[in-house]
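Asker: Okay, here's what each chain looks like letter by letter:
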Amino acid sequence: MSDFDPTDFSLADFQWNDNPDVLSPPEDFQEWKKSPGIQTAFALFEQELQGPPGARVRMRSNVDGETREVINLTSYNYLGLSTHPEVVQAAKDAADTYGLSASGSAMLSGTFDLHNEFAQKLADFKQKEAAMLFSSGLGGNMGAIQGMLQKGDVLVIDDKCHKSVVDGGTLSRAKVVSFKHNDHESLDRQLDEHGDKRCLVVVEGVYSMDGDTANLPEIVDVCNAHDVPIYLDEAHSTLMFGENGRGVGEYYGLEDEVGVSFGTLSKSFGGVGGFVCANKPLVEYMKSYASPFQFSCALPPPIVAGMMKSLEVATRDSSLRDELWDNVRYFKNNLDAMNLDLGETESQIIPIIIGSSGEMLYSMAVQAQHQGLFIQPVDFPAVDASERRFRISVSAELTKDDIDEACNIIEDVIAKPLKAAS
Amino acid sequence: MTKDEIADMITNELANHLDDVDKEDLDPDISMRDLGVNSLDLIEVVQAVMRELDIKIPRSKLADIETINGLAEKFAEHVD
Numbered sequence: 001m002s003d004f005d006p007t008d009f010s011l012a013d014f015q016w017n018d019n020p021d022v023l024s025p026p027e028d029f030q031e032w033k034k035s036p037g038i039q040t041a042f043a044l045f046e047q048e049l050q051g052p053p054g055a056r057v058r059m060r061s062n063v064d065g066e067t068r069e070v071i072n073l074t075s076y077n078y079l080g081l082s083t084h085p086e087v088v089q090a091a092k093d094a095a096d097t098y099g100l101s102a103s104g105s106a107m108l109s110g111t112f113d114l115h116n117e118f119a120q121k122l123a124d125f126k127q128k129e130a131a132m133l134f135s136s137g138l139g140g141n142m143g144a145i146q147g148m149l150q151k152g153d154v155l156v157i158d159d160k161c162h163k164s165v166v167d168g169g170t171l172s173r174a175k176v177v178s179f180k181h182n183d184h185e186s187l188d189r190q191l192d193e194h195g196d197k198r199c200l201v202v203v204e205g206v207y208s209m210d211g212d213t214a215n216l217p218e219i220v221d222v223c224n225a226h227d228v229p230i231y232l233d234e235a236h237s238t239l240m241f242g243e244n245g246r247g248v249g250e251y252y253g254l255e256d257e258v259g260v261s262f263g264t265l266s267k268s269f270g271g272v273g274g275f276v277c278a279n280k281p282l283v284e285y286m287k288s289y290a291s292p293f294q295f296s297c298a299l300p301p302p303i304v305a306g307m308m309k310s311l312e313v314a315t316r317d318s319s320l321r322d323e324l325w326d327n328v329r330y331f332k333n334n335l336d337a338m339n340l341d342l343g344e345t346e347s348q349i350i351p352i353i354i355g356s357s358g359e360m361l362y363s364m365a366v367q368a369q370h371q372g373l374f375i376q377p378v379d380f381p382a383v384d385a386s387e388r389r390f391r392i393s394v395s396a397e398l399t400k401d402d403i404d405e406a407c408n409i410i411e412d413v414i415a416k417p418l419k420a421a422s
Numbered sequence: 423m424t425k426d427e428i429a430d431m432i433t434n435e436l437a438n439h440l441d442d443v444d445k446e447d448l449d450p451d452i453s454m455r456d457l458g459v460n461s462l463d464l465i466e467v468v469q470a471v472m473r474e475l476d477i478k479i480p481r482s483k484l485a486d487i488e489t490i491n492g493l494a495e496k497f498a499e500h501v502d
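Those protein sequences? They're chains A and B, same order as listed.
Start counting the first sequence at 1; every next residue gets the next number (our numbering).
Start counting the second sequence at 423; every next residue gets the next number (our numbering).
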């Protein structure tokens, strides 16, 4: 490592463990973690929240050990449903009736009336024939893809797809190839190359590090030309995009072109879990071959009841997503006024791209925290090394005062130093 | 070790790693993505070649390199 500064290295550099003792990490990883700059970066992970993930939360800092109230721009509780009184009450009532756990896999003993009712409601909501529930979002993507594909197939993914999509491909033993982000010509080349095999194209409704949407109209055209089905991951778009909140598929008027629609319950829904909607024969088939479905304990009944209430609250009118989009517009206008680089965001995920300096990124994150703002840095390899950034998750729960205060801190800690550096 | 020798080493490693690609198909000047190499394949191949060359270059310094020859050139700068 002597030729480079420790901050040039990242988690991408230590995946290979050459330590002969399998119970020990690589020696260079341990040495790297001891560097002061890297210790600061790691201190920003796993910080302790001491209340619900709302607009403001008490947080114990791993950087200085202090506990302070911070404005929270980091949680995925986009619509505030995690703490919505009706949602919490539904979960409490279900805990009284069913207890905490499903106490078994869905196939054997973990399917309750609540699970069946909720799965059908999700299928109806997404306008597909059937849905299946998973205990985690990662497990949902992994399981569905592993359940659909096999050795000899080709999984064609946008190169900014989530790790769960890649892991699903790896687990399925299909060949995994990528196309340039949102580039339909790159996709076309991959389908030309692999069109003689069974292929599945995976794109995301909203990309989690950039906040842009899938270029769905052009992607649909290419996939239709090659007669290849589309799997749409709506983890960061369900309940928010589209006139009825069904997601980016609805937003573009292309839901019927999507073969499989995936969603999570841990983001806008405010709970935990994942779900996959598709035609009924495929869902029934996947239930027999998707390991995370077959071999995980089913979702806890209180979570299912709470999420069912979240679906009801978020779709009975547009008020929550109207509040969210109003906040997104207000926040973006304030950030634009500071001439910050917000990339191509079109959603409630707003990146602030600061460039290639990891040292600056972590220094800014620490200062923001000291001033009362919880905003997470995103480093390579999650994003390009030249586009290190902060990622804001806007919530409907933020007040305009919260956003004003957050923007004041962002101006002091991020915008002014960036301007000075340039 | 020359750049061409390193390029050959990368090509051999890729061909060994990928089930459905022959060494002759791996043009060192074509984007590895277009050759069917995904990011996980590349991480493993890069790690293996750097171990063999006894060098350690941060992945962040390699991320924008698209071709086998581009990688070989970068590796050659760090080989004694």
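Keep in mind the hints are simulated off the structure, nothing from the lab.
Heads up, some of the hints might be wrong.
[Said to hold, decoys possible] With a straight-line Cα cutoff of 27 Å, these simulated DSS-like cross-link-like pairs (lysine-lysine) come out:
#1 A:160 to B:496
#2 A:34 to B:483
#3 B:478 to A:160
#4 B:483 to A:197
#5 A:180 to A:163
[Stated by the list, open to error] These stretches of chain A come out as covered by chain B in the derived footprint (C-beta under 8 Å, 3 or more residues):
#6 27-34
#7 219-229
Positions of the beta carbon are idealized from the N, C-alpha and C atoms, including for glycine.
Asker: All the hints need checking, so say for each whether the structure fits it.
Answerer: Tested hints:
| no. | hint | result |
| --- | --- | --- |
| 1 | A:160 to B:496 | 25 Å, holds |
| 2 | A:34 to B:483 | 22 Å, holds |
| 3 | B:478 to A:160 | 26 Å, holds |
| 4 | B:483 to A:197 | 35 Å, violated |
| 5 | A:180 to A:163 | 16 Å, holds |
| 6 | 27-34 | violated (count 1) |
| 7 | 219-229 | violated (count 0) |
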